[in-house]
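Undergrad: Residue numbers (my numbering), protein chains in the order written: chain F, 799 to 936; chain V, 799 to 936; chain W, 799 to 936; chain H, 799 to 936.
Rather than coming from a laboratory, the hints here were simulated on the basis of the structure.
A couple of the hints might just be wrong.
In this list, chains with the same sequence are indistinguishable; a pair is considered to hold if it fits within one copy or across any two.
Said to hold, decoys possible - Below, a list of computed lysine to aspartate or glutamate pairs in the DMTMM-like style, where the Cα atoms sit at most 25 Å apart: (1) K908 x E894; (2) K928 x D898; (3) K908 x D852.
4 protein chains.
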Amino acid sequence: MMALVEHAVDVSFGDCDPAGIVFYPNYFRWMDATFHRLLQERAGGHARLCRDLDAVGIGLMDVGMNFRMPVREGQRIQLRLTGIDWGSRSLTLRYEAETDGRTVFEGHEKRGIFVMQGGRLTAAEVEPLKVMIQAKDS
Amino acid sequence: MMALVEHAVDVSFGDCDPAGIVFYPNYFRWMDATFHRLLQERAGGHARLCRDLDAVGIGLMDVGMNFRMPVREGQRIQLRLTGIDWGSRSLTLRYEAETDGRTVFEGHEKRGIFVMQGGRLTAAEVEPLKVMIQAKDS
Amino acid sequence: MMALVEHAVDVSFGDCDPAGIVFYPNYFRWMDATFHRLLQERAGGHARLCRDLDAVGIGLMDVGMNFRMPVREGQRIQLRLTGIDWGSRSLTLRYEAETDGRTVFEGHEKRGIFVMQGGRLTAAEVEPLKVMIQAKDS
Amino acid sequence: MMALVEHAVDVSFGDCDPAGIVFYPNYFRWMDATFHRLLQERAGGHARLCRDLDAVGIGLMDVGMNFRMPVREGQRIQLRLTGIDWGSRSLTLRYEAETDGRTVFEGHEKRGIFVMQGGRLTAAEVEPLKVMIQAKDS
């Protein structure tokens, strides 16, 4: 399957819990790192993007993950950003992760571009980010 | 609101990202810690529970979180386990977190009790755990 | 023993590794959090201190830790900042941690106040921070 | 310089703190991962090594790190295990990390092989591990 960006993780001893499997918050660290790799490749990274859009940050609105199998030390996980659903003031990123051809998890992140407006944090229109990210596909 | 268990977290500098707000995977670390506090208080902790139920672990099937506001260094977050929906071979835990009377996030964890059966990891019936957790309410 | 600041940590399941004991990088997270509690209590926090001193950050130069015993899920660790050695352009913070009256670790952090000077990051004199921190002892 | 094992890390947004630089406990996560890569390559991994040596774990006795420069999101760090000093009941591992040809940190980990003996955790002789690790050099 085609992916907008891929991110491989070698699971280490310290990523695992006393049951010997990946401590699940680490999956979110790796999913977030996959998103930031997209920003690096297509928008110059988070800091530059915030300067360009006069934004405070590209923050989370909602996140979820469905787990299919436990993963242990020494296994390599391949994360893929498989698609983006563009809303008006949010974008939803869809991820899949696999190891040895088997699905580890499916997840999503709904994010907004947050700007200060009248002293309040507000979700701005995401169109400028959409243009940047889609530019490199053509 | 009544909670089955509460867990307070003082947000530190190192919990925050370059945008100055909590790096979101940390919220899952704290939600997981709230669940393990429940196991400590009502089932003798994860290790003893696994021995009692002949289980490998109480693992995740699905997890989600909805974010309402960013939190910064120096703020105290109060996490609450507000309810448990008992299925046959899974339980879904519902959480809320607030700071200064405002909701920070709402989240859920769907968990199973995993046992080895015929060489395969299988979700066992959760009734024994339900009995332990509800015993202390009466 | 008198401490400049104390910080209690309840060790959770997810803080531990497949050997069932605290994954050691977490001790550094907690030692760092103890330092930032000092800044909160005596200098208004890291962000305000940086504004007051026109600094980029209070960063690390050297760190070390000596481990005396393993700690498991469910134990409470008490961290104490026991002393500060003030240099001219650095300060060295000394820490101790214990559980149930037994020493868990002894550690130190050597930190500098980093400022931009002529386009380069330089360690500034720490005297202004010393004055702030010692003011509340008198 | 020759290294016993190397480990590359792409620094992500979430590895950094509000000052925009790597939150230092993460360096210890990566140093520990470098050690566990050595165990993977030369001793079959931590779990198998513990079975082979009838040990509880290869735990830390002492650790230290000297920082030379801050690192930011988007930079790649190359960690190297540069040498091992073998004691009788401990081994000391020496590490270096660099980015773009400049040293980021130098660090060490003093570790022991911990076994249960008469109901107490004791550091065993490290000779069997030394043999395994040096076997693949010849």
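Undergrad: Could you check the structure against the hints above and give me the numbers of any it violates, in ascending order?
TA: 2
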